[in-house]
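Enquirer: Each chain, letter by letter, is given below.
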Amino acid sequence: MAYNHKEVAARPARLTSGHRMCAGCGAPAVARMILKAVKPEDHAVIANATGCMEVSTFIYPYTAWTDSYIHTAFECAGATLSGVEAAYKEMKRTGKLPQDKDTKFIAFGGDGGTYDIGLQSLSGAMERGHDMVYVCYDNGAYMNTGIQRSSATPRFADTTTSPAGSVIPGKMQSRKDLAKIMAGHNLPYIGQTAAIGNMKDLYEKAEKAIYTEGPCFLNVLAPCPRGWGYNTPDLMEINKLAVETCYWPLYEVVDGVYHITYKPTNKLPVEEFLKPQKRFKHMFKPGNEWMIEEFQKEVDKRWQELLDLEEMTNK
Amino acid sequence: MSIRERLSGNEAAATAMKQINPDVVAAFPITPSTEIPQYFSTFVSNGQVDTEFVAVESEHSAMSACIGAEAAGSRAMTATSANGLSLMWEMIYIASSLRLPIVMSLVNRAVSGPLNIHNDHSDAMGVRDAGWVMLFSENNQEAYDNLVMAHRIAEHKDVLLPLMVCQDGFITSHSIENIELIEDEKVKEFVGKYKPEHYLLNDKEPIAIGPLDLQAYLFEHKKQQADAMRNAKKVILDVAKDFEKMTGRKYSFFEEYKMEDAEAVIVCMNSTAGTAKAKVDELRANGVKAGLIKVRVFRPFPAEEIAEALKNAKAIAVLDKADSLNACGGALFEDVVSAMYTSNIHVPTVNYVYGIGGRDTTTDDIGTVYEDLQEVIKTGNIGNPYRYLGVREGK
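Going line by line, the protein sequences match chains W and B. When the first sequence is numbered by the numbering used here, its final residue is 547 and no position is left out of the sequence of numbers. When the second sequence is numbered by the numbering used here, its final residue is 397 and no position is left out of the sequence of numbers.
It is possible that some hints are incorrect.
27 Å max Cα-Cα, derived BS3-like pairs, lysine-lysine [to be verified]:
hint : chain 1 : residue 1 : chain 2 : residue 2
1    : B       : Lys-159   : B       : Lys-195
2    : B       : Lys-190   : B       : Lys-247
3    : B       : Lys-206   : W       : Lys-333
4    : W       : Lys-333   : B       : Lys-197
5    : B       : Lys-159   : B       : Lys-190
6    : B       : Lys-195   : B       : Lys-247
7    : W       : Lys-324   : B       : Lys-197
8    : B       : Lys-197   : B       : Lys-225
9    : B       : Lys-188   : W       : Lys-333
10   : B       : Lys-20    : W       : Lys-321
11   : W       : Lys-472   : W       : Lys-432
12   : B       : Lys-190   : W       : Lys-321
13   : W       : Lys-328   : B       : Lys-247
14   : B       : Lys-206   : B       : Lys-195
15   : W       : Lys-432   : W       : Lys-495
16   : B       : Lys-188   : W       : Lys-324
17   : B       : Lys-159   : W       : Lys-324
18   : W       : Lys-324   : B       : Lys-195
19   : W       : Lys-328   : B       : Lys-195
20   : W       : Lys-324   : B       : Lys-206
21   : B       : Lys-188   : W       : Lys-328
22   : W       : Lys-324   : B       : Lys-20
23   : W       : Lys-328   : B       : Lys-159
24   : W       : Lys-321   : B       : Lys-195
25   : W       : Lys-321   : B       : Lys-197
26   : W       : Lys-321   : B       : Lys-206
27   : W       : Lys-440   : B       : Lys-206
28   : W       : Lys-472   : W       : Lys-529
29   : W       : Lys-328   : B       : Lys-206
30   : W       : Lys-513   : W       : Lys-408
31   : W       : Lys-324   : W       : Lys-440
32   : B       : Lys-206   : W       : Lys-271
33   : W       : Lys-328   : B       : Lys-190
34   : W       : Lys-321   : B       : Lys-159
35   : W       : Lys-328   : B       : Lys-197
36   : B       : Lys-190   : B       : Lys-252
37   : B       : Lys-247   : W       : Lys-324
38   : W       : Lys-408   : W       : Lys-507
Bear in mind the hints are in silico, worked out from the structure with no lab data behind them.
All chains, please: the whole structure from these sequences, using the hints.
Expert: In structure tokens:
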């Protein structure tokens, strides 16, 4: 069925309002939209890595989640959910659960809990083939502890552990490519997406990930107003610029075959994405033009790689 | 009719797990407990159990998956040793705080470093305050029996705490001994069905587990955990009574061996109790009033009961198979002397750290402890209470 924004938006939110995420944060919008892709008749068990989303949505004795939810620790959302899924399989097989009811398993982790401390747990869960979706909401730093660099932090970004100083101008290493690492796990479905426009891309990828049997992975851009330093109401604009500059390409890998789901007709210079963000402010000082050039070079290189992969895998 | 068999401690543990038939087992290999998931995978491969076996990529994930599985509404089990338990450490606390009755077979081994694969109790002692019920086993029979009793204790509504059954790495895990197994059907009936009140997979009642729990509530939740551990004492004894009815084998918090008129008493755990019993018999034959207390239930610690059992002794040696590196004695020693002190019982008591990294402890070694105790009784002089047994003093 074709995506109908009005209809999807009208569905009851499975992550309710009243949680304590910051205004202008990308993560709750992402989680809410992804959960709208769970069929109303299906139950879901959500696992959450420690992070902003967890500490703001489930503060005892209140929860913003209407589905079953489990949080254990920072680095093990993948392993925790694999235990839930294993129990489900066994209990369904042996008749301990009703046969006519389906449960979906969805993990949420930030880039800290996914790219870094939770990478092993995620890799294990994916390799073992649990029927689940792992969603990384990537805000590009450890925001919950106060904006420390992660392996998802873009090069040159100013964070509290890669501060832009007089000698070292921010983070000196470039981002890890997590979707590619996940592609190395030969998963049936991988999607990289963002909340843009009417959220069609995000919704459709979520639906595919949730209803494709086996281990699936979504990497979703989730801007952070505090860590990125953009004007809070401009969340959707920042998302759009990330995509239009090809900083954050939208694509999916289905059984190893790459599909770029959006190709900007007019690819914007990456400056457009960098400029509204305080974390890149130092890049615009006179004498630092080389940093923007380097950044652009890397975006172009990665975009070209993706185009090549698409061509190669569709032959 | 029970079944007479010859099994190693690891086989005994795996056999108990097979009879328990848990819903999920998540485990990662580590010497000397590796055989348990190995045997168990065979049961899975041959369709002898219903279990979903999750071959995780680390012990941290093993405990995480057990937490997920137990919270989901299923019975989850695992096995590990030493560094495996160290890697789980974070999740060990989370398992107990979420009140999930996971059962673990812990085959005790020295925690690194340096690396050593042999037996001592440093792994177990590292989690002694983590909120797990901890049962120790002298031999393969006890390792098996303790596992059969485990779920009834852990899952009891007044307890709801995870439980670990300890046995000595290699000494019992790899030694084949005679064992009396209980029939499958009887174990199944004894253990019963797992009926959690709230669980993730109940779509009629979605629940949230593992909150951010701040100043206003965490203290009360920790107190509830502490109360559950206190409640476990009664449950452990009740389950032991039922177990005795089924098997004739009697269990309590600890075993008192020739304690009626004992003057020189050793307190220890796990396989060393077997060695000590042999020595007690020998000493008794020579008219020495030697006795032994073998602690089975280390958590909850049966403080009052142990103090009561020791009140008529004239000198006591507490044997710790892990050094606390704290300049004031091992963990079991501290618990025993604290128990006696708070019961206003004052018996000269010394501590021996022994058997570290698998160092053999022979009946002769145990003999020297009883000799030392007789010396304490004779002179009334404790001397250095923090002693070592079987260590070479370097120059």
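Enquirer: Does each hint hold? Answer for all of them.
Expert: Against the structure, the hints:
{"no.": "1", "hint": "B:Lys-159 to B:Lys-195", "in the structure": "holds (14 Å)"}
{"no.": "2", "hint": "B:Lys-190 to B:Lys-247", "in the structure": "holds (15 Å)"}
{"no.": "3", "hint": "B:Lys-206 to W:Lys-333", "in the structure": "holds (11 Å)"}
{"no.": "4", "hint": "W:Lys-333 to B:Lys-197", "in the structure": "holds (20 Å)"}
{"no.": "5", "hint": "B:Lys-159 to B:Lys-190", "in the structure": "holds (19 Å)"}
{"no.": "6", "hint": "B:Lys-195 to B:Lys-247", "in the structure": "holds (20 Å)"}
{"no.": "7", "hint": "W:Lys-324 to B:Lys-197", "in the structure": "holds (15 Å)"}
{"no.": "8", "hint": "B:Lys-197 to B:Lys-225", "in the structure": "holds (24 Å)"}
{"no.": "9", "hint": "B:Lys-188 to W:Lys-333", "in the structure": "violated (33 Å)"}
{"no.": "10", "hint": "B:Lys-20 to W:Lys-321", "in the structure": "holds (19 Å)"}
{"no.": "11", "hint": "W:Lys-472 to W:Lys-432", "in the structure": "holds (13 Å)"}
{"no.": "12", "hint": "B:Lys-190 to W:Lys-321", "in the structure": "holds (21 Å)"}
{"no.": "13", "hint": "W:Lys-328 to B:Lys-247", "in the structure": "violated (30 Å)"}
{"no.": "14", "hint": "B:Lys-206 to B:Lys-195", "in the structure": "holds (20 Å)"}
{"no.": "15", "hint": "W:Lys-432 to W:Lys-495", "in the structure": "holds (15 Å)"}
{"no.": "16", "hint": "B:Lys-188 to W:Lys-324", "in the structure": "holds (25 Å)"}
{"no.": "17", "hint": "B:Lys-159 to W:Lys-324", "in the structure": "holds (25 Å)"}
{"no.": "18", "hint": "W:Lys-324 to B:Lys-195", "in the structure": "holds (16 Å)"}
{"no.": "19", "hint": "W:Lys-328 to B:Lys-195", "in the structure": "holds (11 Å)"}
{"no.": "20", "hint": "W:Lys-324 to B:Lys-206", "in the structure": "holds (16 Å)"}
{"no.": "21", "hint": "B:Lys-188 to W:Lys-328", "in the structure": "holds (21 Å)"}
{"no.": "22", "hint": "W:Lys-324 to B:Lys-20", "in the structure": "holds (20 Å)"}
{"no.": "23", "hint": "W:Lys-328 to B:Lys-159", "in the structure": "holds (21 Å)"}
{"no.": "24", "hint": "W:Lys-321 to B:Lys-195", "in the structure": "holds (18 Å)"}
{"no.": "25", "hint": "W:Lys-321 to B:Lys-197", "in the structure": "holds (17 Å)"}
{"no.": "26", "hint": "W:Lys-321 to B:Lys-206", "in the structure": "holds (18 Å)"}
{"no.": "27", "hint": "W:Lys-440 to B:Lys-206", "in the structure": "holds (26 Å)"}
{"no.": "28", "hint": "W:Lys-472 to W:Lys-529", "in the structure": "holds (20 Å)"}
{"no.": "29", "hint": "W:Lys-328 to B:Lys-206", "in the structure": "holds (14 Å)"}
{"no.": "30", "hint": "W:Lys-513 to W:Lys-408", "in the structure": "holds (22 Å)"}
{"no.": "31", "hint": "W:Lys-324 to W:Lys-440", "in the structure": "holds (23 Å)"}
{"no.": "32", "hint": "B:Lys-206 to W:Lys-271", "in the structure": "holds (16 Å)"}
{"no.": "33", "hint": "W:Lys-328 to B:Lys-190", "in the structure": "holds (16 Å)"}
{"no.": "34", "hint": "W:Lys-321 to B:Lys-159", "in the structure": "holds (26 Å)"}
{"no.": "35", "hint": "W:Lys-328 to B:Lys-197", "in the structure": "holds (10 Å)"}
{"no.": "36", "hint": "B:Lys-190 to B:Lys-252", "in the structure": "holds (20 Å)"}
{"no.": "37", "hint": "B:Lys-247 to W:Lys-324", "in the structure": "violated (35 Å)"}
{"no.": "38", "hint": "W:Lys-408 to W:Lys-507", "in the structure": "holds (22 Å)"}
Checked against the numbered hints given earlier, this structure breaks hints 9, 13, 37; the rest are met.
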